[in-house]
Each structure stands twice: as C-alpha cells, then as structure tokens.
Amino acid sequence: MSQKIKDATIPTIPLGARIQRWIGRNLIRIYAIFAFTYLFIPVAYTFVFSFNDAGKSNLIWQAFTFKNWQNPCGAPEVCNALGNSIKIGFLATFFATILGTMIAFAIGRHNFKGRSASNLLIFLPMATPEIVLGASLLSLFLVFKINPGFWPTVIAHIVFCISFVVVTVKARIASLDPRLEQAAMDLYANEFETFRRVTLPLVAPGIAGAALLAFSLSFDDFIITNFNSGTLTTFPKFIYVSAARGIPAQANVIGSAMFFLALALVIVGQLVNRRKVR
Amino acid sequence: MGKNRTPYLLLLPGFGFLFTFFILPIINLAQTSTQTKIAGGDTGQYEQTLHFRNYIDAFVENKDQFGRSFLFATISTLLALAIAYPLAYAIAFKSGKYKNLLLVLVVAPFFTSFLLRTIAWKQILGEEGFVVPTLRSLGIISQSTTLTSTSFAVVMGMTYNFLPFMTLPLFASIDRIDPRTLEASGDLYANGYTTFRKVTLPLSMPGVVAGTLLTFIPAAGDYVNASILGDPTTKMIGNVIESRFFKIVDYPTAAALSFTLMAAILILVTLYIRKAGTEELV
Amino acid sequence: MAKASIDARGDLRLTRLTKTYGDFTAVDDLSLTIQKGSFFALLGPSGCGKTTTLRMIAGLEEPTAGSIHLGETDITTTKPYQRPINTVFQNYALFPHLTIFENIAFGLRRRGQKDVKEAVEKVLNLVELPHLAQRKPTQLSGGQQQRIALARAIVNRPALLLLDEPLGALDLKLRRQMQIELKWIQKEVGLTFVHVTHDQEEAMTMADTIAVMNEGQIEQMGSPADLYDNPETAYVANFLGQSNLIKGTISGNDGDSLVVDLYGQKISLPKSRSHAVDNSTYAGIRPEKFRISLLETPVRGNVLSGGRIEDVSYIGVSTQYQVEMPWGQELMVFEQNDDGVAPFNKGDAVNISWEPTFTFALRGDEDVTAGSEVQPEDLDEE
Chain A
1 MSQKIKDATI PTIPLGARIQ RWIGRNLIRI YAIFAFTYLF IPVAYTFVFS
51 FNDAGKSNLI WQAFTFKNWQ NPCGAPEVCN ALGNSIKIGF LATFFATILG
101 TMIAFAIGRH NFKGRSASNL LIFLPMATPE IVLGASLLSL FLVFKINPGF
151 WPTVIAHIVF CISFVVVTVK ARIASLDPRL EQAAMDLYAN EFETFRRVTL
201 PLVAPGIAGA ALLAFSLSFD DFIITNFNSG TLTTFPKFIY VSAARGIPAQ
251 ANVIGSAMFF LALALVIVGQ LVNRRKVR
Chain B
1 MGKNRTPYLL LLPGFGFLFT FFILPIINLA QTSTQTKIAG GDTGQYEQTL
51 HFRNYIDAFV ENKDQFGRSF LFATISTLLA LAIAYPLAYA IAFKSGKYKN
101 LLLVLVVAPF FTSFLLRTIA WKQILGEEGF VVPTLRSLGI ISQSTTLTST
151 SFAVVMGMTY NFLPFMTLPL FASIDRIDPR TLEASGDLYA NGYTTFRKVT
201 LPLSMPGVVA GTLLTFIPAA GDYVNASILG DPTTKMIGNV IESRFFKIVD
251 YPTAAALSFT LMAAILILVT LYIRKAGTEE LV
Chain C
1 MAKASIDARG DLRLTRLTKT YGDFTAVDDL SLTIQKGSFF ALLGPSGCGK
51 TTTLRMIAGL EEPTAGSIHL GETDITTTKP YQRPINTVFQ NYALFPHLTI
101 FENIAFGLRR RGQKDVKEAV EKVLNLVELP HLAQRKPTQL SGGQQQRIAL
151 ARAIVNRPAL LLLDEPLGAL DLKLRRQMQI ELKWIQKEVG LTFVHVTHDQ
201 EEAMTMADTI AVMNEGQIEQ MGSPADLYDN PETAYVANFL GQSNLIKGTI
251 SGNDGDSLVV DLYGQKISLP KSRSHAVDNS TYAGIRPEKF RISLLETPVR
301 GNVLSGGRIE DVSYIGVSTQ YQVEMPWGQE LMVFEQNDDG VAPFNKGDAV
351 NISWEPTFTF ALRGDEDVTA GSEVQPEDLD EE
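Residue numbers (the working numbering), protein chains in the order written: chain A, 1 to 278; chain B, 1 to 282; chain C, 1 to 382.
Chain A on its own, in the form it takes in the complex (with noise of 0.2 angstroms):
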C-alpha cells in the first residue's frame, strides 16, 4: 500500500539518472569493495589450497580433504620452523617492548640535551632498507666470528622492531594530559606511586599495541631473518625455500589460523575495549 502511495505522489527520476546518481553517490565504496578484495584475493587462495589433497606439490586442486588440518604438522619441518618462529617472536617482542618504552618515556616525557638526534636515531632503522639492515648485522657478526643463529636472530629483530615500539608508545604517550600526572601529585601520590596508578595504566594499550605490533613484524620477518639465521629454519624461511618444490598444503593450514587467530584476537580485544568504556 505504501508503496502506490509513494508511486503516486513522488514525481519519477528517469531511471538512468537513477542509476548514474547512485553510482555518483556510491563510487567511492564500489572502489573500496573492489580494494579490498584485491587484498583479501591470496588470503581466500592460500585458504582455500589447504583443503586441497596435493600430497607433496600443493600447485593444482586435486581435491576436498580436511586431512592437511587435521594433521598440520604433517609436512617435514614445518612446525619446528613454525616453533622457531613463536620463540623469535616472543622474545624479540619482550627485549623490544620493554627497550622501545623506555625511549618512547624518555622522548615523550622529557625535554633533554639531544632528543632531536635521539628522534634521528630512532627514525634511521624504519628508514634503512631491511636488506642493509640485515647485511650490515651479518657482516658485525662474521667479524667477531659469532655464527649466525637462533639468538643473532633475535638481536636483529629487536633492531628493527624498537623504532616501532618507540614511535607506537610516543604516540600514545603524547595524547596524554599532562594534567592527570600533575593531579595525582597532587592527590598525594609520589612520583612513583604516579607511574604506577595513572600513567602505566593510561599509556598501557599503547603498548600492549606496540608488542603486538613488533611480534607480526617478527614472525612475517623474511629479508633480515635469511640474512642472520644461518641453518635455523623459520616459517617464512620453510616457505621461501620449500616454493621451488611447492609449498606443503600444511603451511596453508598453519597461515590461514594464524589469520583467524589474529583476527579473532583483534575482534575480541575490540569488544572487551568497548565494554570496558561502557
């Protein structure tokens, strides 16, 4: 009924113009739509590839199989490398977090002899290529005849991982009111007691954002990870060197949880966030 109502009473829009304004209108999130799927293309692939029952070459569909989930640590090395890759990550997260918050506090809190070049230093390694990065590590090493390995590994995931810790927790410390510290002072809490109860807990998601961020940097890590790891096998290494032969469809089942994983991990974060404001 409604409907003849608006048919009689509302003058027509000749439907091309219709259409021609709708898409004027709509331009922007039909761009959207088509990047998005652009990026999200290889995730659905390497997804879809591991149901494939490929045996050792995961390169045509052969057929369904949740084989490769039920068993991901089917194909040779490919969980020790991902193993590896979980220990790398964490403990470069962990020296990297704590390290990159210091700098960002002292940066962001302090007005000192040097903190230009101090924002200098901190902005070379986000500006040196990782293939320098790496190469030039490597060649420290070989100097001083330290074999390239699990913890040169490390160090040099730490290097590039503290600029982005610093410039994550800067920020956050920068949005800061000054004020609430100088409140809490005056409220009878000492300098330490001050850290404590308001400006750890005020600055914490932006660190908490900043490990996250430094452990994806470090487990997606191949350039400096080739150049510093020697024989140490991690996942990005297994899947760059497993390509010539083809890719085990288990390193598809292992990426396409880590997606999921991350992806929930940020989903529930999100809602716990929200709650928590409410």
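If you're looking for bench data, these hints aren't it; they were derived computationally from the structure.
Mixed in with the good hints there might be a few duds.
[Unchecked claim] Listed below are the simulated DSS-like cross-link pairs for lysine-lysine, each with C-alpha atoms no more than 25 angstroms apart in a straight line:
1) 136/C <-> 117/C
2) 145/A <-> 247/B
3) 37/B <-> 145/A
4) 136/C <-> 97/B
5) 63/B <-> 247/B
Put chains B and C on the given structure of chain A with help from the hints.
Below, chains B and C alone, put in the same frame as chain A:
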C-alpha cells in the same frame, strides 16, 4: 640533578643496544665496502685497502638493477597511493559503524605470512591458475603471453604487499579531518574536485608523506617479490646484494651496493620531506 | 604509601615570588598574604601570571626566586604530594581509567587514611551525586565532572584549595549556578579557597578578596566593591567593568575634595579617591553613575554640558547611550529603565551629571586603553 639524569638513564639500554647492533654494523659495513681480496687468499678473505673504486665498479656493473629498483618502487608507491587513498577515505568517512571492522580487515591479510600471499599470487597468475587461461580464451592476451615472470607481476606484488603500510597512515590523517571543513568548502562555492584539491588533500598531507615513505623505502630494498614473481630480467638491487653475500661471497661489493642504496634512499627521503614540508613523520 | 609530610595550617604567605622562563618573566616579585578561611581570587587576562602563581603554590612549578609559607612552614621547594594543598584543575583532570569512587578515594588512599568509603560517600552527598560512584568520568556531563573534581579535592580536607578556572568549560547558566554552589560549599567546609579566573564577574560574585594581576604583578588588591568603586589604575578601571576616563588638570584643593578642570568645565571629587601624582589626571566615572538631562532641566553635583546623544541601545534592564562631548570624546552612559520608556533620542542636546563621590582620579600619564582590549575569552593560559 636526579631529575635531569632520568631521560638519559631511560635511553641508555635501548640506545646502547641500537648503537651496538645498528650503528656499529653500519660503520663496519662502510669499512667493508672499501676492502679488496687478499692476494692468494681463500674465498671471503678481504683486507682494507681503501679501494673506493668498489663503489664505482659496483654501481656501473649494476646500474640496471639500481634503476629498476627505484623505478619499480616508485611505480608501486604511486599505485599503492592510488588504491589506498580512496580506500582510506571510504573507511574514514563512508563506513559508519563499521569503521573499526574495516580497519581491522585492512591489516588482517598481514597475519597470513606475506610469503604465502606472494606465492599465492604467483600461482593465481601462473600457467596453472585460472586467470591466464581465462584471459587467453577471451583473447585479451595472446596465447604466448604470461603474467608471472614479468615486471608487471613484480610491481603488482610489491604494490600488494605494501598496501597496508600506505593505507594505515592515510587513514589516520584523513580520519582526523573534521567533515565540517569539507562542508564549509562546499558552502564556499568549491565543487567536489576543488574541495579535494584545496582542503582534503592538504589536510591529509602528513598521511600521504608517511604512507609513501613507509611504502617506498621497503619497496626499494625488496628482493622477495622480484625473485618469486619475476625472472632474471627483473632482478632488483636487493637480489644482487643477496647473491653477492651468499652465493659469490663478495662482501665488499655487497657492502658498497648496500651503502649506495641506503645513501640514495636517505637523500631521496630528505629531499622529499623538505619538498612536502613536513618534519613530523610517523 | 606516601603521606603528606607537612601538616601545616594557617595563612598562605607569598614573599617576593618570581618565576622566569628564559627571557620571559611570568611572575614578577609578587608578595601577598591570603588569610585562612577566606575566598581569594586571582583575576587577570590570559598571560598575566595568575596560573603560574597557582601552580607554584600547588608545587607544580618551582619558583625562580622568593618563598611560599603556609602558616609558619616554608613549603617553597616541597613536592606537590607533600603539601596539604589540593587543586581543582581546569578541565578537571579526572582519571579516565578509574571510577568516580576511586577518583575521589585516590588522595585518601595515598595518605593511607581509614574509612575511605565513608569519607567518599559523604563528599558525594555534599556535591549531590551519590548515585554516580561506579561510573567512569567520560560518562558524566561537564557539570557533573566539575563537581566530582571539587569533591576529589575537598575530601582531603586540605589547608588550601586551589581552583584553576574551574568553571571555564561550563555554559553560562551552569556557571552561574556553580558560582553560588562553590561559595556555599566553601562556607560549609570552611577551607581556604584560592580561585584563578579571567572572568571578573565570577571573581566578584564569589571572592572576599580579589587581586587583579597584570604582567606578573599585582595591580591592585581589595574587596570587590573597593576595586570597582576606587580603582587605582586604568588597567583595573577597564578590566573590572567599564569606565569613562576624561583627561583633566587638578586646579584646586578644597578640604576633602579636589577640583578638576575637564576641558574648561570644573568638577570635584573626594581626595581619598585620587591616585594622581601631579596636576595632570584622568577623571574616571562608571557609565551607570551618570545621569542624562535635557539642557533646561536643573541638576545637582558635577555637570558636564554640551553633550549630544550619538547612539541609543535599548537592552532591557537599561538603556545605553553614547554621548559626544564638545572635545570630541564619546562617553558611555547606562540609564536604568525604571521609569518606563527611553526618554532621549539620537541627536538630543544634553547635560551629563553625577554625584562627586562617584568620581575617581588616576595619574595623568596612564594609558587609558590599558586592560580594555584584553579578551576575557582567551581562556587557555600556559
């Protein structure tokens, strides 16, 4: 007194670390770059002879790869900007309550290893994938044309891999723009295009600068896309450095190339920041 | 637990207090005493040094020179958390990660006080918001946040409560209401309040004593009525309300009065209200003290004749006139609308008269525009 020492104490461990494992290696690399082979020595044995010709030799020998690195990096940075700007704009202004979700989706592909995704592209665009046969049967490309092992594939892969680095800073910048300034511009007789050029773009400039840098720098030093999606004719300077290091064990040339690459990037970045007129980066 | 190591009470005494930032002197050799239990206002435009003074009292800035005493105790260099002084911050500075209850309990807990719950509930009742205890600050309206900030400070029973533009973020109506409430709470709890503001009306409504600050110094200090009726400088005359300042020469001395020649017309004023140092002076009269009369109407007191109405604005409670005088100056006159319609029209030739006791005299070398071009709306002071 103690007050003034605090920042230095906070900086000490981190900067000590960066000095040992970032500055020192760079200095060492500079030092390596002017070495020459020890006469009669084994593979990988070099001595310091301040042989600056290494730079000229390395550059002349690899100028194609240098040129390709900067060309590919520039093209993929521009492509990423063209894709990411409307995307960031749409997320900031047109997504309503789905803003956070869409932002997560931009980052989400990150979590699947970038190598897996790059190899996925190789297989999608490869002979066994569905794209090439489809395009051939439609007559869009000739029967002999391939998509992988081409410059096109390398640039596409780089654009793809660095897209989130472009999108996130752009979003941060655009999201901060008060939509009322855009309405005010319209109110003051600017059409959509003029509003974009005179208001939106200048206000989002910090994001454009940060995004292009975060894309260009890793792209110029990248060799993974070139080696997975390209062929010997698409080699970039990263491939050369890698093979000098591992296959030929020619440390001085690798060091000279690394240094030239870093210097070139730093000079370009400095000029670019000057030109863009923003010092406050990331 | 850090406890306030100082338990001083009594008057607050600032002695030759100075604060410089590089070449800039924010507070310049300032001395004053604030009596225990009083409501004291530091009034001035942005950049006059009032906030810096407040922050030095709170311990958030260290003085470059001078001393601060609370009673007999020197607190010049003690840490903010050692002083029995609390602050209501501009924009409140409530901790966003803590509930209202924990915000208020913060200071009590730091001092290891017992009966926290009871004290918090009591103060929440005082500010009439007991139902908000478990909310977060972002869920409160501006007026509610303001009261919580006040509660968080007074629950500690400080010797001194500092208020830094506490009402600046509220709208006009709420501000008026809070002014009355603040005054009431101050009486109720009997604490010393030091209130920093750029709003002269706010200072006059609440404070017992006002110090008008200008360029790091106290320009004049006194009760609101003193400052308004007998300003000592053009700055105070213009910053507190509006003034007509007319150039003149002191031409006679008549017991308790002075005779002043204003462009050939003689007026008189009480000697006690003259701050002139030689014969050159500015005579000052507040606009509402003037009376306008048509030429033929007989008048008493001081009279200036030869005026012409240039502009009339009717604003409800009063009508404001601009009257051009023979020497070219335009005088401002506010007439109460207590007898019906506005009786004068643009172009009318009039005389202006007033009671001699309403006149004050400033030094003749003053800048007559001082204090009038400052924008009270410039809120953000660093």
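Hints, verified against the model:
{"no.": "1", "hint": "136/C <-> 117/C", "result": "holds, 17 angstroms"}
{"no.": "2", "hint": "145/A <-> 247/B", "result": "holds, 19 angstroms"}
{"no.": "3", "hint": "37/B <-> 145/A", "result": "holds, 19 angstroms"}
{"no.": "4", "hint": "136/C <-> 97/B", "result": "holds, 23 angstroms"}
{"no.": "5", "hint": "63/B <-> 247/B", "result": "holds, 20 angstroms"}
Checked against the numbered hints above, the structure violates none of them.
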